[in-house]
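Based on the provided sequences and hints, a complete structural model is requested.
First to last, the protein sequences are chains A and B. Those letters in the first sequence? Residues 339 to 730, by my numbering. Those letters in the second sequence? Residues 339 to 730, by my numbering.
Please keep in mind that the hints were generated in silico from the structure rather than gathered at the bench. Please note that the accuracy of each hint is not assured.
[Claimed, not checked] In silico DSSO-like cross-links for lysine-lysine, where the CA-CA straight-line distance does not exceed 30 Å:
no., chain 1, residue 1, chain 2, residue 2
1, A, 478, A, 673
2, B, 522, B, 493
3, B, 636, A, 415
4, A, 478, B, 478
5, B, 493, B, 530
6, A, 383, B, 493
7, A, 383, A, 522
8, B, 553, B, 681
9, A, 626, A, 673
10, A, 383, B, 383
11, A, 534, A, 636
2 protein chains.
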Amino acid sequence: MFEEKISELSLATPSSFIRSILKTTQNNDIISFAGGLPNPISFPKEELQESTNRVIESFGSRVFQYSVTAGLPELRKYIAAHLHETQEMDVDPEEIIVTTGSQQALDMIGKVLINQDDTVILEEPAYLGAIQAFSQYRPKFTAIPLESDGMDMEKLEEKLKEGAAKFIYTVPNFQNPSGLTYSKEKREALHKLSRKYNCILVEDDPYGDLKFEGKPYGYISKHEFDGSILLGTFSKTVTPGMRCGYMIIRDPELRFRINTAKEAADLHSNVFSQYILWDYLTHNDLSKHIEKIKQLYKNQSSAMIAAMERYFPESVEFTRPEGGMFIWATLPEGKIAMELFEKAIEKQVAFVPGDPFYIDGREANTMRLNYTNCDEKTITEGIRRLGELMRD
Amino acid sequence: MFEEKISELSLATPSSFIRSILKTTQNNDIISFAGGLPNPISFPKEELQESTNRVIESFGSRVFQYSVTAGLPELRKYIAAHLHETQEMDVDPEEIIVTTGSQQALDMIGKVLINQDDTVILEEPAYLGAIQAFSQYRPKFTAIPLESDGMDMEKLEEKLKEGAAKFIYTVPNFQNPSGLTYSKEKREALHKLSRKYNCILVEDDPYGDLKFEGKPYGYISKHEFDGSILLGTFSKTVTPGMRCGYMIIRDPELRFRINTAKEAADLHSNVFSQYILWDYLTHNDLSKHIEKIKQLYKNQSSAMIAAMERYFPESVEFTRPEGGMFIWATLPEGKIAMELFEKAIEKQVAFVPGDPFYIDGREANTMRLNYTNCDEKTITEGIRRLGELMRD
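Set out below in structure tokens:
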């Protein structure tokens with residue numbers, strides 16, 4: 339009845355392949371490497387409950403009332419201080435806008451920056467939530483191959499030379515889907531190129547704090563982010579259910595535009611949860627909590643890699659992430675991950691075939707495997723089954 | 339630096355006049371009739387705190403994890419049952435999509451339905467959050483004058499005859515900003531016309547439950563909503579801080595499109611708060627709680643009307659709402675509400691000049707007054723001051 343009324347924006351929006359896969363894998367008997375869910379053990383339940391009671395008792399009605407669009411000032415102050423402490427960044431709380439998860443930030447970046455046919459540069463493979471959000475505004479995507487140490491900088495410069503690209507979107511640390519991380523050299527090169535060609539650098543860093551060993555790398559533009567938009571989130575370190583992310587934008591015009599888009603999108607993000615998060619963050623040691631998550635994920639990642647070494651044919655390549663939640667495997671050329679997926683579902687194992695992470699709709703020979711939601715024994719068994727299917 | 343990069347969508351988006359007014363009236367000494375905030379007394383604080391503790395203890399990690407895009411199934415089931423109970427509506431929970439407040443529903447309706455230059459029909463005056471959300475997608479607005487019993491149906495039919503309008507947007511009960519309500523006759527006429535001309539009827543009913551006396555009117559399309567999109571919210575009856583609204587859409591194609599837009603916009607709304615709201619709603623008597631709010635607002639409304647009768651010159655007309663949160667006053671022709679506003683601020687009283695509720699940027703002689711956030715004594719004093727200025 340409404341078919342002919344649907345807008346061009348809506349017709350241009352792919353629905354999430356992953357979310358449809360997840361529906362088919364909700365069956366409890368399935369070993370699922372398909373999702374991107376944090377391990378529930380990582381949620382500080384008791385502490386969040388304490389914080390909830392404390393903010394209701396301390397602030398009463400204020401936590402239930404309408405609030406300001408840019409986000410709870412106390413939370414923005416905490417974020418600025420935290421970025422100073424962990425990355426020596428010099429961020430004014432006024433430069434921060436709280437978003438309803440990072441996904442909202444991606445939608446607003448698309449809305450505020452993309453005109454139809456504008457060029458947007460992505461990694462190949464790229465995070466599919468970003469592809470989905472940007473697609474709505476009908477850009478021309480250019481995908482730059484991701485090498486083991488970051489984008490291919492030569493190809494990137496070629497593309498930048500060709501003409502005005504609106505922005506480059508990158509997940510510099512433990513990328514989704516590849517698990518790859520930019521080297522120091524490529525960080526510097528990417529920052530330089532984006533400035534040289536006056537192209538906005540959008541950095542999305544949901545996993546950065548989950549570096550298994552040593553100090554997190556932080557944002558590429560951490561010391562000079564005038565030409566960047568930086569995205570952060572509490573979804574992978576505290577809780578995704580509260581949908582609390584943030585953007586850091588120095589340019590006042592762009593910040594005003596994003597703020598207005600946010601006003602039109604949802605007035606403001608859930609302020610009850612912003613109070614709780616802020617209270618949790620100021621009454622607990624976040625780094626200690628993250629330490630626990632890192633140890634957990636490191637063990638899960640190691641278990642998956644050990645199982646892959648044991649059960650996968652040698653012709654299958656895979657990444658060895660330094661942090662985050664994903665491993666990316668590449669089947670021999672000519673193999674089709676989607677076909678493997680169909681067989682795997684029969685054997686009660688799920689993963690995400692690489693297809694939705696490319697913008698050209700290829701039949702990919704790659705696959706994303708998530709290790710944060712199964713115990714080590716289950717990981718080993720799931721990988722064993724996949725290995726068997728790969729040898730068929 | 340980014341000025342030349344801003345998209346056409348963003349350039350088409352007005353920033354909220356009200357939210358900028360609210361900033362200037364945060365001074366505590368000001369008597370503000372400008373906001374649209376529910377009275378904090380209306381938030382069931384203790385009960386929401388109880389519900390929070392209960393859902394964390396009952397469901398543990400699930401309340402903190404990622405969730406489904408359409409919203410918590412339990413909450414959608416409650417909403418369907420509630421609509422059946424209060425309006426005898428026959429809604430399947432699958433026809434409900436939970437949104438991050440009604441504002442997100444407005445943004446998604448704009449995104450999924452409006453192509454540039456499509457006609458969108460609004461009331462005159464219209465809710466400015468809707469004007470803002472739809473403006474992003476650059477429609478041609480047609481405003482149909484709101485009479486004391488609803489839109490001018492003759493003018494509406496004239497416009498509908500002229501050609502394909504994408505949708506009609508209405509707030510049928512205690513409209514924001516006018517406080518006006520559609521009569522039974524105009525309800526039937528509006529529904530008929532929207533069907534006759536195959537034009538979607540978007541009904542936004544945030545205040546419907548706050549009818550001071552007798553049974554709420556409910557949605558115009560409550561018994562036949564195949565061609566409608568219905569919007570509801572818990573912001574005015576439980577808490578706005580949790581940003582929890584919902585849409586009711588029967589058409590499967592349109593529902594799929596809205597769901598995909600929601601995926602791209604924020605994956606899903608805060609599920610922690612959805613659990614809390616659902617628990618609150620199933621453990622408490624909502625109608626009893628609403629009874630308290632209605633009594634409170636009725637008294638505040640009566641106090642404002644009594645003061646207006648006493649202090650405003652006879653040449654000033656105003657509405658007498660049957661419910662909701664706003665009164666709409668009209669100054670004699672030629673008077674400019676914005677000029678009154680400037681003088682009023684000096685006398686420490688604030689209201690919203692009518693200007694942002696019109697799509698033609700007129701210098702309005704109308705004004706919106708909110709009565710839900712001051713006690714009766716303060717209301718009387720504020721109206722007295724305004725009355726004095728009106729006689730200057």
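Consistency of the hints with the structure:
1. A/478 x A/673: At roughly 28 Å apart (the allowed maximum being 30 Å), residue 673 of chain A and residue 478 of chain A satisfy the hint.
2. B/522 x B/493: This hinted pair holds, its Cα atoms lying about 18 Å apart.
3. B/636 x A/415: Roughly 40 Å between the alpha carbons, so the hint for residue 636 of chain B and residue 415 of chain A is violated.
4. A/478 x B/478: holds, 27 Å
5. B/493 x B/530: Given that 30 Å is the threshold and the Cα spacing comes to 15 Å, the pair holds.
6. A/383 x B/493: violated, 57 Å
7. A/383 x A/522: violated, 37 Å
8. B/553 x B/681: Violated. Residue 553 of chain B to residue 681 of chain B sits at ~41 Å, over the 30 Å cutoff.
9. A/626 x A/673: violated, 43 Å
10. A/383 x B/383: holds, 21 Å
11. A/534 x A/636: This hinted pair is violated, its Cα atoms lying about 38 Å apart.
In the structure shown, a violation is registered for the earlier hints numbered 3, 6, 7, 8, 9, 11, in ascending order.
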